Structures are given as structure tokens and as C-alpha cells.
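Protein chains: 2
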Amino acid sequence: MNSFKIALVQSVAHKNREENLKQAILNVEKASSLGANIVCLPELFLTRYFCQSEDTGCFDFAESIPGPATNRFCGEARKRGVFIVCPLFEKRASGIYHNSLVLINPAGKISGIYRKMHIPDDPGYFEKFYFTPGDKGFSCFETGFAKIGTLICWDQWYPEASRIVSLKGADIIFYPTAIGWRTDENELSKNNQLEAWKTVQRAHAISNGIYVVAVNRVGFEESGKSGEGIDFWGSSFVCDPQGVVVCEASDKREEIILADIDLRKLEETRRNWPFFRDRRIDAYSEISQRFIDNDPGTRN
Amino acid sequence: MNSFKIALVQSVAHKNREENLKQAILNVEKASSLGANIVCLPELFLTRYFCQSEDTGCFDFAESIPGPATNRFCGEARKRGVFIVCPLFEKRASGIYHNSLVLINPAGKISGIYRKMHIPDDPGYFEKFYFTPGDKGFSCFETGFAKIGTLICWDQWYPEASRIVSLKGADIIFYPTAIGWRTDENELSKNNQLEAWKTVQRAHAISNGIYVVAVNRVGFEESGKSGEGIDFWGSSFVCDPQGVVVCEASDKREEIILADIDLRKLEETRRNWPFFRDRRIDAYSEISQRFIDNDPGTRN
Numbered sequence: 008m009n010s011f012k013i014a015l016v017q018s019v020a021h022k023n024r025e026e027n028l029k030q031a032i033l034n035v036e037k038a039s040s041l042g043a044n045i046v047c048l049p050e051l052f053l054t055r056y057f058c059q060s061e062d063t064g065c066f067d068f069a070e071s072i073p074g075p076a077t078n079r080f081c082g083e084a085r086k087r088g089v090f091i092v093c094p095l096f097e098k099r100a101s102g103i104y105h106n107s108l109v110l111i112n113p114a115g116k117i118s119g120i121y122r123k124m125h126i127p128d129d130p131g132y133f134e135k136f137y138f139t140p141g142d143k144g145f146s147c148f149e150t151g152f153a154k155i156g157t158l159i160c161w162d163q164w165y166p167e168a169s170r171i172v173s174l175k176g177a178d179i180i181f182y183p184t185a186i187g188w189r190t191d192e193n194e195l196s197k198n199n200q201l202e203a204w205k206t207v208q209r210a211h212a213i214s215n216g217i218y219v220v221a222v223n224r225v226g227f228e229e230s231g232k233s234g235e236g237i238d239f240w241g242s243s244f245v246c247d248p249q250g251v252v253v254c255e256a257s258d259k260r261e262e263i264i265l266a267d268i269d270l271r272k273l274e275e276t277r278r279n280w281p282f283f284r285d286r287r288i289d290a291y292s293e294i295s296q297r298f299i300d301n302d303p304g305t306r307n
Numbered sequence: 008m009n010s011f012k013i014a015l016v017q018s019v020a021h022k023n024r025e026e027n028l029k030q031a032i033l034n035v036e037k038a039s040s041l042g043a044n045i046v047c048l049p050e051l052f053l054t055r056y057f058c059q060s061e062d063t064g065c066f067d068f069a070e071s072i073p074g075p076a077t078n079r080f081c082g083e084a085r086k087r088g089v090f091i092v093c094p095l096f097e098k099r100a101s102g103i104y105h106n107s108l109v110l111i112n113p114a115g116k117i118s119g120i121y122r123k124m125h126i127p128d129d130p131g132y133f134e135k136f137y138f139t140p141g142d143k144g145f146s147c148f149e150t151g152f153a154k155i156g157t158l159i160c161w162d163q164w165y166p167e168a169s170r171i172v173s174l175k176g177a178d179i180i181f182y183p184t185a186i187g188w189r190t191d192e193n194e195l196s197k198n199n200q201l202e203a204w205k206t207v208q209r210a211h212a213i214s215n216g217i218y219v220v221a222v223n224r225v226g227f228e229e230s231g232k233s234g235e236g237i238d239f240w241g242s243s244f245v246c247d248p249q250g251v252v253v254c255e256a257s258d259k260r261e262e263i264i265l266a267d268i269d270l271r272k273l274e275e276t277r278r279n280w281p282f283f284r285d286r287r288i289d290a291y292s293e294i295s296q297r298f299i300d301n302d303p304g305t306r307n
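As you go down the protein sequences, you meet chains A and B in turn. Per the numbering used here, the first sequence starts with residue 8, numbered consecutively. Per the numbering used here, the second sequence starts with residue 8, numbered consecutively.
Bound conformation, chain A alone (with noise of 0.2 Å):
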């Protein structure tokens, strides 16, 4: 049980949600005939990424958990015997909708829930809008083959999110993804962007020592406005513990990756870079300062 593999499915999402259902299950199909122990689906890839505006109608999209959607892949991973990291858009109640995922057990049970903590506002990417932050913490979820670590998305750029999930032992982190170019920005910026995006999550796999997957959707999209819109980037990796990229797909096609995971890779790179035995626990509460300032040591 120290090895065991995951399949990534990098998708493009259409404009029907029933056809990116229907693509989503026989990807699962797919993935479990390859051998993957757990299948995980992009951010939100029942829908087009709606962010792209603010439109109350979009709201429409939203369902429960469980619901008409979990309940389908639960089946699913009954059928196939797989856990599948399953993103969906959730109403919890009137006017408090999640960017959520759940983790489906090969019981078809729902093992857990996690709501997005960080969620992003920018320029085509308008989600505090439309999504409530989580309210459920940072979550690692026990799956027999390891632990595993949910996050999704912005969450990427924030270390203290993987060093919490790490800290509930996870041995490896899921981060279901919607990101890409606007059609507005420059080569170099692009360049910037996607290599910034694969550097800080390798970095996460380094200074925990835990293996880190990104699965994004890719494609392009509208906006609305003719011509503009985000062109999604793919590139869903696999790095190991020590932060070096195992797999990685296409920056432009759909396609399903899969990687073997080896915990004894873990156990062995944390023996040898012991960063969790040095960590200062009692100097690390201003972490949760918004900003210090004035500081009684920034002097000149």
C-alpha cells in the first residue's frame, strides 16, 4: 500500500452542463480502467467559467450537496471502485453559494467537504461575487491509500494553506483549477504568470515535503465581448515531494494524466530535509496579522 496511482483529468468545458457531465463520467471510466486509485475533475467543470462577468442568473448553476450532481459521481465511483475529487458549484442555503469540492469514496460515499478559503477578484475573474468563503478550515481527508489535502485554486498562492494541510498529515494535495491567459495580456506577462503559478506550488511539495497535483481546465472561453475572454493553460502537473515535476500535461489539449505516488519517496525525502523538526512555533503567531505595522524592530 506505499504506492498507488491518480489520474488527472484536464478537460475543456462546453456550454451544456449534461455534455460536461457525460464527458466528466466516461473520464472517470476511463481513469479507473488505467488503474488510478483517485480521479480528480478541474474547478467548477460542469459549467464554462462563468467568473468571466457578474450575472445573478449564473446562480442558476449552483446545486446541493448532496445533489443531483454528487449523486451521479457517487454512483459512479460505486461503479468503479475510485475516490474522485469532485469540485462543484454549491448552494447551501439562499444567498450562500461555495466554490466547493467533495471527496467521493469507492463506497460512493461522500467522505468530505471543502469550500474554497481564498477566493480571487480580478480582472475576468469576478468570484467574490458569486462565491461565499469557506468556513470549514483547511481539510485532509483519510483514503487508505494516504492522506490527502483538498485546496482549490487561488489557494495555490498561499502557504499557509498547504502548511496547514500538511500539519493534518497530508501526504499529498489536490488543487482542482480554473486558470488561464486573458486575451488582453503580453507574451512575457503570460510566461511570468504560468511559471510563477508551477513555482509556488512546487514549492509547497518542497518546504512540506508531500507530493502537490494541479488540474486545470483548458480551452478558451468568451467573455461575451467579441473576441475577448481567458484562454485556459492546462498544464496539470504532478510534482514529488522534493518539488520535481513527475508529469504534466499540454498547455492547449484535453487529456488524462496519470502518476504513481510512492510514499516512501516521502518518508525519504523528509529524512533527508527535515524542515518540520525545525519549524519555530513560537514565533510564527503574527501569520495571522493582516499587516504589522510600525513595527517596534523596522527601525533604521
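Among these hints, one or two may not hold up.
A pair counts as met if it fits within one copy or between any two copies, since identical chains are not told apart.
What the hints assert, rightly or not - The calculated lysine to aspartate or glutamate pairs, modelled on DMTMM-like cross-linking and capped at a C-alpha distance of 25 Å, are: (1) Lys12 x Asp267; (2) Lys37 x Glu255; (3) Lys197 x Glu275; (4) Lys135 x Asp285; (5) Lys154 x Glu293; (6) Lys143 x Glu293; (7) Lys86 x Glu25.
These are computed hints drawn from the structure, not numbers from a lab. These numbers were taken from a predicted model, which means no experiment stands behind them.
Since the structure of chain A is provided, determine the placement of chain B on it from the hints.
For chain B alone, coordinates are given in the frame of chain A:
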């Protein structure tokens, strides 16, 4: 005043302390003649890396702050009109020694002291024997050019340290360093270490929107056992707030590299990547735990 120049002094440590001191003085002179406003020397540059073995005699290398070395560098800073980030082995009291640095200002005064907070202990790096962990927390100092954060070597692996220094307003973090490859390591392991070291520091730049500067020693130093030792890998570098490496030294040679720091780049990056805005400071208190055993959220 938005832009200023820094110098990274990547040097070999010789057996003779006086030779290392003279070389460092010459390097400060050279860097200032090239226009540097802030000059950073490597960790413990006055001596060979004595932590390859445990020897009570090596405590003789330690000196007080202020003391002979800081007096020399204070004089040099005043003469050249530069800031100097000057690491040294500090004797604070009999039995209390620190791996420290002082920031010296162009008036020739000590502006601040930082004492290494995270102390490693690995084969060949027996630092826990020599260095009492720092008790001054994580520091940031005003220079007039920018607020500069100072950390030392092993601190590089801890996102908590770079985060707190950044929350205190740092625009740039200097990491004087002594890191290299042991002779008994294989090529793949060596490459992974160097790459991880760069990646984790570039990620500090990205997640905090700051400049990061690593200043390493270079050259082979014997451990005492025939043929064994550490090949210090140099590779000193500067990266910008998007994690882009803007200059980098060789892994084999002594050199002084200079970089222009532009705070407008920092402002622009943080406007476009507003990570500080969305931090969940209500949810980070678990960072101060050693490990989170049996978290109720960790269920199957």
C-alpha cells in the same frame, strides 16, 4: 528613490580569518565603486564552514557585537557610503553563540541585528551544536531605499519566516547562505537540491510580492576526512516579485553580481497579483502547532 543597486558578494572562504576579512573589505570597496547602495556578504564569511564537525575549539571564532569585525565593517561602510549586510558568528555570552548578521548603515552604525531562527542539523552541517536559536524573531529594517528583511540560510526553507518579514513591510529579503553538495551525493540528488533551493526562494518572492536575494559562498572545503567535504554551490541570485531570476552567479567561481531593484515593479506586481488582500487571517492559527494529530476533520 524608487530604484537602487545591490551587490551580492559570492566568495571563497580561506583558512585564514584575516585573509577573509581583507578580501571582504576589498569586495565592499569594489561593489561600492560599481555603484552598489547595499552590499551583502555570505553567511559566516570570515571562516571556513567549521560546522562540518563538532569542535569546542571553534567557539574561538565567535566575537561580540559590536566587536573587532563589526568595527572594521562600520568603518568601511562610512568610508564608502553603503549599507552592508554583514553576517558573523556572534558570541553573546559564554555558552550562548548565535549565527547572526548585522545591518550596517552608511553612517557606520549598526542599524539592526538578526539572529538565525531556524537552525539545521544534518550530516556535515552540525549547526545545532554551535548556534543557539535566535530570540529576536523575524526582522525588517528601514534603509531609506527600501525596507529590507534579513534571514539566514536554513530560514530559506520556511514560508513562515518570509511571510512575517513581508508583513513587516520588507520590499526585499537578503539570505546570506552557506550551502553546498557533500562529496558522497549523486548527481541527481545534487541537481534536485539546487533546483529546490532556488524554487522555494522564488516562491517566497511570488507569494509575498517582494525581491529575494540569496548570497552563497563558493568552493570546496574539506571536512577533515580525506577527500570528503562540501562543494559550496555558489549560484547566488536575485529574483523579482514575480519570481523571475534577474541575475545569477556561477556555481564555481568567486564573483560580485549587481542588480537594480525597482520598487515600481513591486507595486505593479502586487496590484496585479493581490495575494495579501485575500489572506484568511481568521483561519491560520494552526500554523503555530508542531503537528495536528487526530484532527476531527481528517476522516474517511
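Against the structure, the hints:
1. Lys12 x Asp267: So lysine 12 and aspartate 267 pass the 25 Å test inside one copy only (5 Å; across, 46 Å).
2. Lys37 x Glu255: Cα proximity of lysine 37 and glutamate 255: one copy only (18 Å, versus 45 Å across).
3. Lys197 x Glu275: Intra 36 Å, inter 15 Å, cutoff 25 Å: inter-copy only.
4. Lys135 x Asp285: between (37 Å within a copy, 10 Å between copies)
5. Lys154 x Glu293: Between copies, since 18 Å is at most 25 Å while 29 Å is not.
6. Lys143 x Glu293: both (22 Å within a copy, 13 Å between copies)
7. Lys86 x Glu25: within (20 Å within a copy, 74 Å between copies)
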